[in-house]
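Those protein sequences? They're chains X and Y, same order as listed. Residues 140 to 496 in this note's numbering are what the first sequence lists, from first letter to last. Residues 5 to 139 in this note's numbering are what the second sequence lists, from first letter to last.
Hints listed in this document are in silico derivations from the structure and should not be mistaken for laboratory results. One or more hints might be untrue.
Derived Cβ-Cβ restraints for the label pairs, each shown as a range [what the hints assert, rightly or not]:
hint : chain 1 : residue 1 : chain 2 : residue 2 : range
1    : Y       : 86        : X       : 301       : 37 to 45 Å
2    : X       : 396       : Y       : 81        : 24 to 32 Å
3    : Y       : 102       : X       : 245       : 43 to 51 Å
4    : Y       : 56        : X       : 455       : 24 to 32 Å
Straight-line C-alpha distance at most 27 Å; calculated DSS-like pairs for lysine-lysine [what the hints assert, rightly or not]:
hint : chain 1 : residue 1 : chain 2 : residue 2
5    : Y       : 68        : X       : 252
6    : Y       : 76        : X       : 362
7    : X       : 483       : Y       : 121
8    : X       : 344       : Y       : 131
9    : Y       : 121       : X       : 436
10   : X       : 371       : Y       : 34
11   : Y       : 76        : X       : 292
12   : Y       : 131       : Y       : 68
13   : Y       : 105       : X       : 482
14   : X       : 371       : Y       : 121
15   : Y       : 76        : X       : 350
16   : X       : 254       : Y       : 68
17   : X       : 324       : Y       : 105
18   : X       : 423       : X       : 252
19   : Y       : 79        : X       : 292
20   : Y       : 79        : X       : 324
21   : Y       : 105       : X       : 451
22   : Y       : 34        : X       : 292
23   : Y       : 26        : X       : 324
24   : X       : 383       : Y       : 105
25   : Y       : 131       : X       : 252
26   : Y       : 131       : X       : 324
From the three backbone atoms N, C-alpha and C, an ideal C-beta is built for every residue, glycine too.
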Amino acid sequence: MTSLVKFTIIKLIIITILIVTPITLLIWFLLRVYVVKPIEYFNKITKIIATGNLGRKIEYLSNDELGELGQNINTMVKNLSTAFQSMATSLRSEKIKEKELQNANEKLKELDKVKDEFVSIASHELRTPMTAVKGLISMIFEGDFGSLSEELKDPLSDIAVSTDRLIQLVNDMLDTSRIEAGRLKFLLGDFSAGDLASEILSLLKPLTDEKGIVLETQPAAEKIYTDPNKFKQILSNLIGNSIKFTDSGRISVSFRVNGEYLCVCISDTGLGISREDREKLFGKFTQISTTQTGRPKGTGLGLYISREFARKLGGDLWIESSEIGKGSTFVFSSTRSGTAAAKKVGESLQMFVDMEI
Amino acid sequence: MCYSENIDMRVLIVEDDPILLKMYREKFEKSDFDVDTAVEGEAGLFKAINDQPDFIVLDLMMPKMDGVQALKKLKEDVRTKNIPVAILTVIPQDQASGLTKELSDQIVYYWMKDVVKPSGVVEDTKKYLLDTKND
Chain X
140 MTSLVKFTII
150 KLIIITILIV
160 TPITLLIWFL
170 LRVYVVKPIE
180 YFNKITKIIA
190 TGNLGRKIEY
200 LSNDELGELG
210 QNINTMVKNL
220 STAFQSMATS
230 LRSEKIKEKE
240 LQNANEKLKE
250 LDKVKDEFVS
260 IASHELRTPM
270 TAVKGLISMI
280 FEGDFGSLSE
290 ELKDPLSDIA
300 VSTDRLIQLV
310 NDMLDTSRIE
320 AGRLKFLLGD
330 FSAGDLASEI
340 LSLLKPLTDE
350 KGIVLETQPA
360 AEKIYTDPNK
370 FKQILSNLIG
380 NSIKFTDSGR
390 ISVSFRVNGE
400 YLCVCISDTG
410 LGISREDREK
420 LFGKFTQIST
430 TQTGRPKGTG
440 LGLYISREFA
450 RKLGGDLWIE
460 SSEIGKGSTF
470 VFSSTRSGTA
480 AAKKVGESLQ
490 MFVDMEI
Chain Y
5 MCYSENIDMR
15 VLIVEDDPIL
25 LKMYREKFEK
35 SDFDVDTAVE
45 GEAGLFKAIN
55 DQPDFIVLDL
65 MMPKMDGVQA
75 LKKLKEDVRT
85 KNIPVAILTV
95 IPQDQASGLT
105 KELSDQIVYY
115 WMKDVVKPSG
125 VVEDTKKYLL
135 DTKND
């Protein structure tokens, strides 16, 4: 290669370097100022926003695509901030509402407790003097205060009957309030239906003897899973009703097995109940006034309470048949021991047997 | 009653209502019981320890120390744990708060005042004392 060619190549290289270098530097400078710097700035600001500082925004905005991007980021942050604020507000109001509900709930619980205490104290305070009246009358009749004159026997008996009615009314109203507050307690176990029935029958026998009615039952070896006191209360109520509305004939208590249940049937030869009165009888304070004249008054709560007891204990209570002038048959069912139905009752009433009562 | 002379019959009645207390006291006395009384649990406990009655009739709802607390203390104390206790109350057994199954097992009768007449209370007490004496 000649020295001329060499010189020309070197010249070309030098010229190229002299032209390209400033252009490259210029491009680098322009990129740095108009692209890299704003992106770095965006990066810095978006990092701050990402930490949760929604108050920051992109301040320097150019009139190009990057400026538009910055604007969009600002709008997005603003919308995000508004959304967060409304979420916070609604959360706050939810919290306030929750607190208010909690307070109201606590107040209701307190009121409920006060009401329970009131009912319990009222029943105690009512029953104590009534017990004294009843006890003292029984002592007068037993001759503990000297012989009783014939003229006084009748009014004293009336006082005794009225006191019994008052006591029954207080007891029934307490049972009703417990039913409605869902606070009935049960002591469950396996019992012989026949034995429980015999206890009640021997208690009520003097009343049927007095009226000249036959009170009969059949032996029943069947075991049932129940609360013995509530079972006896149901039976005593049903037989008591029969005694009230039967003037002659008989009252019989019989048993029949129906699958998982044992049905106790109380039949009488009494007044009977008309079809339209039948369902009404299970309401609270319902008594059939037309057939009541001259008969001892009840509280009108007995059948309602009995049916609730029977149902809570897994069974039911109904009028099987009744005919005006011929008598009625009331039936209530109880779960037989060892059946799935009995197990279900135990589970739903949570077995008070071994618990504190 | 014909068997009254045969048994030692000292009964302690713990009852806060003065009229009921008087009533039960009279009924027991007419049946030849030697009667001691207290109007609340603490006083009842004190008398039970000092006088060692043969039988205690205990009300449940009383001021200061109620019947359940008194029953618990009576059954915990070696000096009184063997004295038979019967509850005489207007509170149904399933509603008596604090009366555990264990405590229930330690009472010889649970009388409802509005169900059992004073004569019934006295007869049951006599029967219990006579039966345990014969055992």
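Verification of the supplied hints:
1. A hinted range of 37 to 45 Å for the beta carbons of residue 86 (chain Y) and residue 301 (chain X) is consistent with their spacing of about 43 Å.
2. Between residue 396 (chain X) and residue 81 (chain Y) the beta carbons are some 50 Å apart, a value that contradicts the proposed interval 24 to 32 Å.
3. With their beta carbons about 24 Å apart, residue 102 (chain Y) and residue 245 (chain X) fall outside the hinted range of 43 to 51 Å.
4. The given range of 24 to 32 Å is broken by residue 56 (chain Y) and residue 455 (chain X), whose C-beta atoms sit roughly 53 Å from each other.
5. Between residue 68 (chain Y) and residue 252 (chain X) the alpha-carbon distance is near 21 Å, which keeps this suggested pair within the 27 Å criterion.
6. About 34 Å separates the Cα atoms of residue 76 (chain Y) and residue 362 (chain X), which puts this hinted pair outside 27 Å; it is violated.
7. At most 27 Å may separate the alpha-carbon atoms for a hinted pair to count; residue 483 (chain X) and residue 121 (chain Y) exceed this at roughly 38 Å.
8. As the CA atoms of residue 344 (chain X) and residue 131 (chain Y) are separated by approximately 23 Å, the hinted pair is consistent with the 27 Å bound.
9. Taken as a hint, the residue 121 (chain Y) and residue 436 (chain X) pair is honoured in the structure, with Cα atoms around 22 Å apart against an allowance of 27 Å.
10. For the hint linking residue 371 (chain X) to residue 34 (chain Y), the alpha-carbon distance of about 33 Å lies beyond 27 Å, and the restraint is violated.
11. With a CA separation close to 44 Å, the supplied pair residue 76 (chain Y) and residue 292 (chain X) exceeds the 27 Å bound.
12. Restraint check: the Cα-Cα separation between residue 131 (chain Y) and residue 68 (chain Y) comes to about 32 Å, which exceeds 27 Å; the hinted pair is violated.
13. Distance restraint check for residue 105 (chain Y) and residue 482 (chain X): the Cα-Cα separation of roughly 21 Å lies within the 27 Å cut-off, and the hinted pair is therefore satisfied.
14. Proximity of residue 371 (chain X) to residue 121 (chain Y) is assessed by CA-CA distance (about 19 Å); at most 27 Å being required, the pair is judged to hold.
15. The suggested pairing of residue 76 (chain Y) with residue 350 (chain X) is violated, with an alpha-carbon distance near 46 Å, which exceeds 27 Å.
16. Between the alpha carbons of residue 254 (chain X) and residue 68 (chain Y) the distance comes to roughly 23 Å, so the proposed pair stays at or under 27 Å and holds.
17. Between residue 324 (chain X) and residue 105 (chain Y) the alpha-carbon distance is near 14 Å, which keeps this suggested pair within the 27 Å criterion.
18. A hinted pair counts as satisfied when its Cα atoms are at most 27 Å apart, and residue 423 (chain X) with residue 252 (chain X) qualifies at roughly 24 Å.
19. A hinted pair counts as satisfied when its Cα atoms are at most 27 Å apart, and residue 79 (chain Y) with residue 292 (chain X) does not qualify at roughly 44 Å.
20. Taking the CA atoms of residue 79 (chain Y) and residue 324 (chain X), the gap is near 26 Å; set against the 27 Å cutoff, the hint holds.
21. At roughly 22 Å between alpha-carbon atoms, residue 105 (chain Y) and residue 451 (chain X) fall within 27 Å of each other, so this suggested pair holds.
22. At roughly 22 Å between alpha-carbon atoms, residue 34 (chain Y) and residue 292 (chain X) fall within 27 Å of each other, so this suggested pair holds.
23. Distance restraint check for residue 26 (chain Y) and residue 324 (chain X): the Cα-Cα separation of roughly 33 Å exceeds the 27 Å cut-off, and the hinted pair is therefore not satisfied.
24. This hinted pair does not check out: residue 383 (chain X) and residue 105 (chain Y) have alpha carbons roughly 37 Å apart, beyond 27 Å.
25. With a C-alpha separation of about 41 Å, the suggested pair residue 131 (chain Y) and residue 252 (chain X) falls outside the 27 Å cut-off, and the hint is violated.
26. As the CA atoms of residue 131 (chain Y) and residue 324 (chain X) are separated by approximately 31 Å, the hinted pair breaks the 27 Å bound.
Violated hints, in rising order: 2, 3, 4, 6, 7, 10, 11, 12, 15, 19, 23, 24, 25 and 26; the structure is consistent with all others.
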